[in-house]
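Visitor: First to last, the sequence lines map onto chains V and E.
The numbering of the first sequence is my numbering, which starts it at 1 and goes up by one.
The numbering of the second sequence is my numbering, which starts it at 1 and goes up by one.
Careful, some of the hints might be misleading.
The list that follows gives simulated cross-link-like pairs (lysine to aspartate or glutamate, DMTMM-like), each with its CA atoms no further than 25 angstroms apart [stated by the list, open to error]: (1) V/24 x V/201; (2) V/186 x V/262; (3) V/207 x V/187; (4) E/2 x V/290; (5) V/34 x E/198; (6) V/34 x E/293; (7) E/2 x E/293; (8) V/186 x V/201; (9) E/84 x E/33; (10) E/123 x V/187; (11) V/207 x V/137; (12) E/171 x V/262; (13) E/100 x E/89; (14) E/123 x V/262; (15) E/214 x E/198; (16) E/71 x V/83; (17) E/123 x V/293.
Since the hints were made in silico from the structure, they are not lab data.
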Amino acid sequence: MFIMRSENVVMTNQMTIAKRSQSKEIFIRFLRNKTAVFGLLIALVLVFAALFPQILTSYDPIEQNLMDTYLSPSAEHPFGTDEFGRDVFARVVYGCRVSLKIGLFSVSIACIVGVILGSIAGYYGNIVDNILMRAVDIIMAIPNTMLGISIMAALGQSVNNLIIALSIGTIPAFARLVRVSILSVKEQEYVEAAIATGAGDLRIIIKYILPNCMAPIIVQFTMGIATSIMNATGLSFLGLGVPAPTPEWGAMASSARAYIRDYWWMVTFPGFAIMATAFAFNLFGDGLRDALDPKLKN
Amino acid sequence: MKRYILGRILMMIPVLLGVILITFTMMYLSPGEPARFVLGDMATEEDIAIFNEENNLNDPFFIQFVKYVGKAITGDLGISYTTKQPVLDEVLARFPTTFKLTVLSIIFSVIIGVTVGIISAVKQYGFIDNIMRVIAMLGVSMPTFWEGLMLIILFSVVLGILPSSGITSWKHWILPAITLSTQPLAACMRMTRSSMLEEIRQDYVRTARSKGQKEFLVVMIHAFRNAILPIITVVGVNFARMMGGAAVVEIVFSVPGLGKLIVDAISVKNAPVVQGGILFVAFAMSFINLFTDIIYALVDPRVRSQYIRPRNKKTVAKEV
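Using the sequences and the accompanying hints, generate a full structural model.
Guide: Structure, rendered in C-alpha cells:
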C-alpha cells in the first residue's frame, strides 16, 4: 500500500515534468542559440525605442531648426542633422515606431486573412480550394514591389494604406503555408476522432488542426515582419509610402539622396536602422525555427 | 512533356486575366483626373471632355475593363498619355535593359552563391561557413535602395572609380548588377548550403568516398548533382522576383529600364503605361516560372516521369 502510494507520487511528478517540458524545451533550445538571442535582444531594444523615444533623445523629430542644417555627427548630434536642421538620431529613433507599427500590423492582417483562407482551402478542398488558390496565384504573379506600387498609387500615401498594401502582398505566403500544413494534418487520427465525436468544422480547425500547424506560422510571422519593414521602406523610398514629414527610414533615405555627395550621414544612418531591424527579426525567426522544429535544423 | 507545357501555358491565361483586373482596378480607383495631368492647367472643360471620350474614360468600369482586355489580347496596350506612343512599344524598348540587368545579376549571384554554398556545406561550422552565414543574413536584411546608395558613396564619391548613373558603358552596369544580385545571392547560398548538407550525409556519398573517389568529384559529381533541384527553384523564384525588384535599383542608378518607366508613369497618372508595364512584368514572370518548371522536369527523371505516359519506348525517347 505504502509502496503503491509513493509510486503514484512519482508518476504524477513525471507527468507534470513531461507536460511542462514541451515549451520549456523549446525555450531552452532557443536560449542555447546565441545568434537568435542576439536577434531577440536587438528587437527588444527597437521595441523600447518605439515605445519610449523621448527617453533616448530630447530633440523633436519634426520641428525644423534652420540654424543647424547639415551639421556633421558630433556629441551634440550623434547622427548629424538634415537639410531642415532636424536631429537625424531623433528621427531614426522616432522612425522605429512607424516601421515597427507597419511591420507588425501588416503581417498580423496578412496572417489572420491568410490563415482563414488557407484553412478553408486546405480543409474543404475541391472547388473552394481551387478558387482560393488561383486567387493567390494571381496575387503572386505580380511582383511584390509592383503590387505595392500600384496599390499605393490607388489608395494614396499614408501609414494605414501602406499597411494594407503590404499585407495584401503577404497574404499568399500565409495562405499557402497554412493550406499545406492543414493538408498534412487533416488525415491524422485525432482529427478523425474529433469528427467522430461530432465536432463542427470550425471547432475542428481551431482546436485540433491549427495548433499543430503553429510552428511554421510563427516562424513565417517573425520573418515576415523583417520583409514587410524592408518593403515599406522601399516604397517610401520611391515616394509611395509614408508622407513627409513623418520620420520614416525609407523616406529619410529618399530625401537625403539629393545630398549624398556632401552629407553622407543623412542617408547612412536610416539605412543602418532598417538593416538592424530586419537583421534582428531574421535572426530571431531563424532561431525560432530551429527551436520549434529540431528536424528542420540545417 | 508537350502536353505538360501546353497545360501550363493554358493555366497562365486566367492568372493573367486576374492580373489585368487587379492593375486595372487599382488605376481606376486612383484619385485625380488623368486629363488634368496630361493636358495641364490651361485645358478647357471641352478639351477634357474630348480627352475622356478618346480614352474611353466615360464608360462604366466593366465596359472599360472588357475593352482593355479585348485590346490587350491583340497586343494593343493603349497609348501613353505623355509620349502618345503605343504602350507596347515603350515597354518593349525598355524591357531589354531590365532583362540584361536581371540576367547579369542572376549569373553573378548563382556563380558566387553556389560556390560559397558548397564550400560552406563541405566545411560546416568552419570559419568560412560561420562568416558566410552572417554575411548572407546581413545581405538578406539590407534594403536594396540603401545598398545601392552606399555603393555610390563608396565607389563613385569616395573612390571615384565607378559611375553612379546611366548605362552608357560596361562600367555602368557593375554597381546596379551587384546591388540587384545581393538578395538572390544570399538566398542561393543558403539554399545550396542546406541542400548540400542533406545530400552529403546520404549513403551513396559514403559509398563513393569508400570506393576511393576523389573528394572533389564526390562533392561535385555525386552530391551536387542531387542537390541541384531546390537550387533551381530558388534561382527561378528570385529571377522572377527581380523583374519587379529591379524598379528600385533602376531608380537609384537612373537606369532607363521597365521599372523606372512604371514608377515614373505613376507620378504623372499615366495609367496605360502603368497597367501595360505591370502586365508585361507579370507576363515575363509567368514565363520564367514556366521555364523553371521545364528545367526542373528535364533535370529530375522522377518529375519527368510524371508527365510521360508509358506508351512505347520510342515515343518516350523522342519526347525527352
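Visitor: Among the hints numbered above, which are violated by the structure, and what are their numbers in rising order?
Guide: Hint check: 1, 2, 4, 6, 10, 11, 14, 16 fail, others pass.
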